[in-house]
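Undergrad: Keeping the supplied structure of chain A fixed, place chain B upon it in accordance with the hints.
Protein chains: 2
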Amino acid sequence: MKKFMNDPQQFVPDMLKGIALANPETLRYVPEFNLIQRADSPSDNRVSIIQGSGSGHEPAHVMTVGPGMLAAACPGDVFAAPPMDYVYETTKLLASDKGVLLLVNNYTGDRMAFDMAQEMSEADGLTVRTLFIDDDVSVQDSTYTVGRRGVAGNFFVMKAVGAAAESGADLDEVVRIGEKVNSVTRTMGIALTACTPPSKGSPLFELGDDEIEIGVGIHGEPGRRRAPMAPADALVDEMLDAIVPDLPFESGDRVALMVNGLGGTPISELYILYGIAHEKLAARGITVARNYVGEYCTSLDMAGASITLVKLDDEIERLLEAPAEIAVRVF
Amino acid sequence: MKKFMNDPQQFVPDMLKGIALANPETLRYVPEFNLIQRADSPSDNRVSIIQGSGSGHEPAHVMTVGPGMLAAACPGDVFAAPPMDYVYETTKLLASDKGVLLLVNNYTGDRMAFDMAQEMSEADGLTVRTLFIDDDVSVQDSTYTVGRRGVAGNFFVMKAVGAAAESGADLDEVVRIGEKVNSVTRTMGIALTACTPPSKGSPLFELGDDEIEIGVGIHGEPGRRRAPMAPADALVDEMLDAIVPDLPFESGDRVALMVNGLGGTPISELYILYGIAHEKLAARGITVARNYVGEYCTSLDMAGASITLVKLDDEIERLLEAPAEIAVRVF
Numbered sequence: 001m002k003k004f005m006n007d008p009q010q011f012v013p014d015m016l017k018g019i020a021l022a023n024p025e026t027l028r029y030v031p032e033f034n035l036i037q038r039a040d041s042p043s044d045n046r047v048s049i050i051q052g053s054g055s056g057h058e059p060a061h062v063m064t065v066g067p068g069m070l071a072a073a074c075p076g077d078v079f080a081a082p083p084m085d086y087v088y089e090t091t092k093l094l095a096s097d098k099g100v101l102l103l104v105n106n107y108t109g110d111r112m113a114f115d116m117a118q119e120m121s122e123a124d125g126l127t128v129r130t131l132f133i134d135d136d137v138s139v140q141d142s143t144y145t146v147g148r149r150g151v152a153g154n155f156f157v158m159k160a161v162g163a164a165a166e167s168g169a170d171l172d173e174v175v176r177i178g179e180k181v182n183s184v185t186r187t188m189g190i191a192l193t194a195c196t197p198p199s200k201g202s203p204l205f206e207l208g209d210d211e212i213e214i215g216v217g218i219h220g221e222p223g224r225r226r227a228p229m230a231p232a233d234a235l236v237d238e239m240l241d242a243i244v245p246d247l248p249f250e251s252g253d254r255v256a257l258m259v260n261g262l263g264g265t266p267i268s269e270l271y272i273l274y275g276i277a278h279e280k281l282a283a284r285g286i287t288v289a290r291n292y293v294g295e296y297c298t299s300l301d302m303a304g305a306s307i308t309l310v311k312l313d314d315e316i317e318r319l320l321e322a323p324a325e326i327a328v329r330v331f
Numbered sequence: 001m002k003k004f005m006n007d008p009q010q011f012v013p014d015m016l017k018g019i020a021l022a023n024p025e026t027l028r029y030v031p032e033f034n035l036i037q038r039a040d041s042p043s044d045n046r047v048s049i050i051q052g053s054g055s056g057h058e059p060a061h062v063m064t065v066g067p068g069m070l071a072a073a074c075p076g077d078v079f080a081a082p083p084m085d086y087v088y089e090t091t092k093l094l095a096s097d098k099g100v101l102l103l104v105n106n107y108t109g110d111r112m113a114f115d116m117a118q119e120m121s122e123a124d125g126l127t128v129r130t131l132f133i134d135d136d137v138s139v140q141d142s143t144y145t146v147g148r149r150g151v152a153g154n155f156f157v158m159k160a161v162g163a164a165a166e167s168g169a170d171l172d173e174v175v176r177i178g179e180k181v182n183s184v185t186r187t188m189g190i191a192l193t194a195c196t197p198p199s200k201g202s203p204l205f206e207l208g209d210d211e212i213e214i215g216v217g218i219h220g221e222p223g224r225r226r227a228p229m230a231p232a233d234a235l236v237d238e239m240l241d242a243i244v245p246d247l248p249f250e251s252g253d254r255v256a257l258m259v260n261g262l263g264g265t266p267i268s269e270l271y272i273l274y275g276i277a278h279e280k281l282a283a284r285g286i287t288v289a290r291n292y293v294g295e296y297c298t299s300l301d302m303a304g305a306s307i308t309l310v311k312l313d314d315e316i317e318r319l320l321e322a323p324a325e326i327a328v329r330v331f
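Residue numbers (my numbering), protein chains in the order written: chain A, 1 to 331; chain B, 1 to 331.
Only chain A is shown next, with the shape it has when bound in the complex (with noise of 0.2 Å):
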């Protein structure tokens, strides 16, 4: 294993304090519950959203803090649920008035941390709802899962809640809007390579020089089936083919299209992906009205991308176009 880090154990924190000093007057890192947060948060004005997950994901969703997104995450360690208590005292620290509103994947150890902390924090008389984001296609219940993954669609609810609550939405309505992006949003993704964990010190799994994994999860868990490497347009037809129907997405029907990179795919390859993605959705008589080209939720180093589909209708356009500043820039 060869990776950028002094310490395995001190990953993730190393990398916070990166981030945080990076961005002195608009983020603030508190070690000791290892979370990142807008320096102007909490608000009483703005129901504050904040999302956790396993590390290794980034810029998901450590680098997504900021106005008219999150105003709290809330990372564990690589690949695993936040403890119940750091995601306590992140509800905390973040309360509102307008309440506060937790982004969850799918995952029965994310459900966990934030089911406990949620009531915990009731019990101390805090206002505060979670939402669980299950946007992949690819499996039904999943090595960590029941029910479907949530992957890089969250960013679509993540940047919708953001913008609501920017505006000064109340909570039931901040709920209502995550819920409905994450109903019209699907995803699915394919790896290329393994990723390694730095603890781990070896790939996570073992593929082939000419496999794949078709439907991978976002740490590495197994999708629909192994198979050998094929040309981009075959992949592309084999996410769409998974995504389209499953909402159905409809010819009429105008879509928000993410290309993801899983964190070891050049954006040279990506760019390719969406230029096949795109004429195949307006083959299908799918506008795409958004593209997303880039990466949004990563798998640590591993080679691979994934493709998310936005049913979108006017409210849900307007709230991706609205405003937002977050940590991870481009210049």
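Just so you know, the hints here were simulated from the structure itself, not pulled from any lab data.
Quick list of simulated restraints, FRET-style, between CB atoms:
no.	chain 1	residue 1	chain 2	residue 2	range
1	B	PRO231	A	ARG226	31 to 39 Å
2	A	SER202	B	ALA282	34 to 42 Å
3	A	MET116	B	THR143	53 to 61 Å
4	B	THR108	A	GLU315	50 to 58 Å
5	B	PRO231	A	PRO24	24 to 32 Å
6	A	THR26	B	PRO231	28 to 36 Å
7	B	GLU325	A	ASP40	22 to 30 Å
8	B	PRO203	A	ASP241	30 to 38 Å
9	A	PRO8	B	SER251	32 to 40 Å
10	A	PRO231	B	GLY208	26 to 34 Å
11	A	SER202	B	THR127	52 to 60 Å
12	A	GLU279	B	GLY201	20 to 28 Å
Capping the alpha-carbon separation at 30 Å, the derived lysine-lysine pairs in DSBU-like fashion look like this:
no.	chain 1	residue 1	chain 2	residue 2
13	A	LYS17	A	LYS200
14	A	LYS200	B	LYS280
15	A	LYS17	B	LYS280
16	B	LYS200	A	LYS280
All C-beta atoms, glycine included, are put in the ideal place defined by N, C-alpha and C.
TA: Then chain B, alone, in the frame of chain A:
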């Protein structure tokens, strides 16, 4: 080799097509000359900034076209200089009363193509200047260069001359600014793995399981030495010990610090490097006033990173702060 592509020969055109489909209102793709240009350029009110280079370094440069940055990018095939006639045609297409500035990373193949294109354009009566970027401190002469190589520091030159051009500066002034920024910019990179060009299908060079290349070039060219993998602390020291004395950067200086991923390294590791570099510079009395963490100039799927320092003054800071809109979007 597992890459998301259809045909290795169409890697670059398929990527450019994807970029164009993702940015239909702001960018124009001209397939016969492999170029991406601003839809609203040329304008006789501003110098047209063009950068060309081999592909495989994305987002440089085809994804950094837009207001406040490049008027056009003129890429060659992967790791190959653009043909001189493509540079010539791009220059003619972007001709402006205020003139054209060609930005070229200092590689012999690129210099030849751009020198000839400049001559041909001038014979047509166009006003064209060329600026060579050579920020890499790793080696003096290199596999493909006489003098130093141009690497990720080219971002700062692009950004500064792009801002100056956007504000209406004349060609002499834009050139002065570009030369000034190049003269105070220094970079060094480290490869943890090789990269695999699509047409070659196998890694460009061999690195052992615990071996790294210190001072690597962005085409995998040898740097200063092979070394065993080391903790991030030691690697940052190695890079800063080469970069800082070179200008030199001194106690009291304000700098921009870029940690650039080479394509296969996740952003989590880049922020670990950032945190370390920020603190080590502070210990030398050097203040990081602006920071850039992400992928700016890559080497296909190479795992690795480079550090760039730019010595700031009020003029350079103002140019780096100026707004710019490019095709790579985070949200």
